[in-house]
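Please construct the entire structure, taking both the sequences and the accompanying hints into account.
In case you want the letters, here they are:
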Amino acid sequence: MRTAFWLAGATVLALAQPVMAADSIKIGFVSTFSGPTAVIGNDMRNSFELALDHMGRKIGGLPVEVIYEDDQQKPDVGKQKTEKLVQSDKVDFIVGYIWSNVLLASLKTAVDSKTFLISANAGPSQLAGELCSPYVFSTSWQNDQTPQAMGLYMNQKGVKSVFLIGPNYAAGKDMLAGVKSTFKGQVVGEEYTVWPSQLDFSAELSKARASKAEAIFVFYPGAAGVQFLNQYVQAGIKQQIPLYTAFTIDELSLPLQKENALGVPGAQEWVNDLPNEENKRFVADYRKKYPNLRPTFYGAQSYDAAQLINSAVVAVKGDTSKKDAMKAEMEKANFKSVRGPFKYGNNHIPIQNFYLQDVVKDADGQLSLKTVATIVKDSQDNFHDKCPMK
Amino acid sequence: MLLVVEQFLNGLQFGLLLFLLAAGLTLVFGIMDFVNLAHGSLYMMGAYFAATFVMWTGNFIIGVLLALGATLLLGIVLEFAALRHLYGRDHLDHVLATFGLILFFNDAVRLIWGPAGLTLPLPAWLTVPIAIMPGVYYPAYRLAIIVVALAVALMLYLVVMRTRVGMLIRAGASNREMIGALGVNIKLLYTLVFGLGAALAGLAGLMQAPILTVQIGMGENILILAFVIIVIGGIGSIRGAFLAAIFVGMIDTLGRAFLPDLLRQMLSSTAASTAAPALSSMLIYLLMAMVLVVRPEGLFPASRR
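Which chain is which? The protein sequence lines are R and L, in order.
Counting from 1, one number per residue, gives the positions in the first sequence under our numbering.
Counting from 1001, one number per residue, gives the positions in the second sequence under our numbering.
Check before you lean on any hint, since a few could be wrong.
[Unchecked claim] If you anchor each label on the Cβ, the simulated ranges turn out as follows:
| id | chain 1 | residue 1 | chain 2 | residue 2 | range |
| --- | --- | --- | --- | --- | --- |
| 1 | L | Pro1296 | R | Asp76 | 28 to 38 angstroms |
| 2 | L | Val1128 | R | Lys332 | 53 to 63 angstroms |
| 3 | L | Asp1261 | R | Ser197 | 19 to 29 angstroms |
| 4 | L | Arg1162 | R | Val187 | 48 to 58 angstroms |
| 5 | R | Asn346 | L | Val1128 | 49 to 59 angstroms |
| 6 | R | Gly158 | L | Tyr1157 | 47 to 57 angstroms |
| 7 | R | Gln240 | L | Arg1264 | 18 to 28 angstroms |
| 8 | R | Asn292 | L | Gly1166 | 21 to 31 angstroms |
It should be emphasised that the hints constitute simulated quantities derived from the structure, not laboratory data.
All C-beta atoms, glycine included, are put in the ideal place defined by N, C-alpha and C.
Right under this line is the structure:
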């Protein structure tokens, strides 16, 4: 009798196990939700939640559980949170990562456990090259790509010399390297500032002015972009040397930068006015769901990350143990991206267009970003040759 | 050559701004023997008050004056409500309590003003660059900071060295028990000193606000520099804080400006450009370590206890 009882119990357990494992999709979301750059994390969360709303809060027919974790913009904290998500929450996917240095610190944990990691922003060169992995996908770009587009645009404008300024961390180095790889003129100066603590750029701006360069290129994401632009204008350099940017002016910083940002071009793979149906719906519903806020490229990439996950889970009909099949599906980028169609390279980094964006006054008199032109079509990063995946 | 002049001005401006923050900190630390980690929060509150009042009144000067008054008041209320009860205690208790205040202020700001931060726009007459020498242009606003900070330093000197209140403050710094025994209302003096320190921190914050953005936690990084300055200058010494602040401002700015070029002579260009910012941010701490070894009391200690 007793044995029968135990046997029955074991059978029930054995039967219950696979059903339990597949009755929901668990997603870990690592981003910055505290400190001055928390606004970026919030935008990513808002967009991800909106994507889930659009999917009826279900992925592949299964309910979704998202666990949001704050990396405090620190690599060590990001690594800890990633370990927690992988080891104790046992999530099916990890999404997010604004900062390249945080992603690089967290990468090994995810890859070793064969958990799919989808970077919705950070794109360090290592990730595209020697550290590429079958379990890692990007819905953003490789860091060098956006500034490469800016370098091409500066060539088009006939700029002969440039002074580069950026923060001294993984992404800052990639960004300045990106400009240098496409810009044909002379690089007369290159300054790195302490990240994220240095907020006063007076010394660098003075040097830029003294260099008599024809243009200044900067990369300052988040609040640092507001501070840089303030100081650039106050020093009177805006009248002397035009500024070219990557990731310095976006919908989060623009309300603080105001008129300072007028006439300062940037490059981006997504702009709020891209004319595809998916994007129109994303932008309109975002503004409806979160009044007074506007989505940014960070949000657009997070929205796409949710769609990418959805495509993989639908393809295996909710059986997340079929990792190879999910990987094969994700490599097709088989979903309607808000940036328009794109393909994946061998290293799982998008091959995509980059646009020129400008700051204009929109219909309601507010400053907003507008697509001016396509700078480059189907751009692929420079590091895919170093990636062993074929 | 013109670049050197400009960089010196940058260093001076940064140093004077640090002085405003360090002066309040050194007064409170030196006279009240109170470690106030929340000094950076008062700096942040000064900036938030200024951004709000300037928006309400539409006038930069009026808004800034209101903000100064508000931070002074906030300092006095804070001293009266919370810090007064901690004076007899250990420094560790001060650190714990004021660290709690940092968290309190950060979350209070998040509740009242939201997480996104504010800007403090300058009036047009402060946004133009001024030609200080032929060929050298300097932002009018940074010049204004230099002028205001020098005026405040002079005023502090006069108050501390030439007035009766100043005499009591100096006496308090040398021997607290004794001036209490001589019948001076030490409680009132402390409240006053703390309020003054808060107003100085607020002034630093609101002057920095148009250059940077007004955001949560803006006072935390700069507070570390302020502590370095009072350690270098000697705790409780305004003169020490003044000289050390200018020293630190210069080292930081000139280090950032010229170290990369210097290193490029020796190293490859990429190695130099990544090593230089790290090295230049270490210079200040190296200076502090050296001062601690050679003169543990600081360069200009207040009169000995």
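Cross-check of the supplied hints:
no. : hint                                        : result
1   : L:Pro1296 with R:Asp76: 28 to 38 angstroms  : holds, 33 angstroms
2   : L:Val1128 with R:Lys332: 53 to 63 angstroms : holds, 56 angstroms
3   : L:Asp1261 with R:Ser197: 19 to 29 angstroms : holds, 22 angstroms
4   : L:Arg1162 with R:Val187: 48 to 58 angstroms : holds, 55 angstroms
5   : R:Asn346 with L:Val1128: 49 to 59 angstroms : holds, 53 angstroms
6   : R:Gly158 with L:Tyr1157: 47 to 57 angstroms : holds, 55 angstroms
7   : R:Gln240 with L:Arg1264: 18 to 28 angstroms : holds, 25 angstroms
8   : R:Asn292 with L:Gly1166: 21 to 31 angstroms : violated, 50 angstroms
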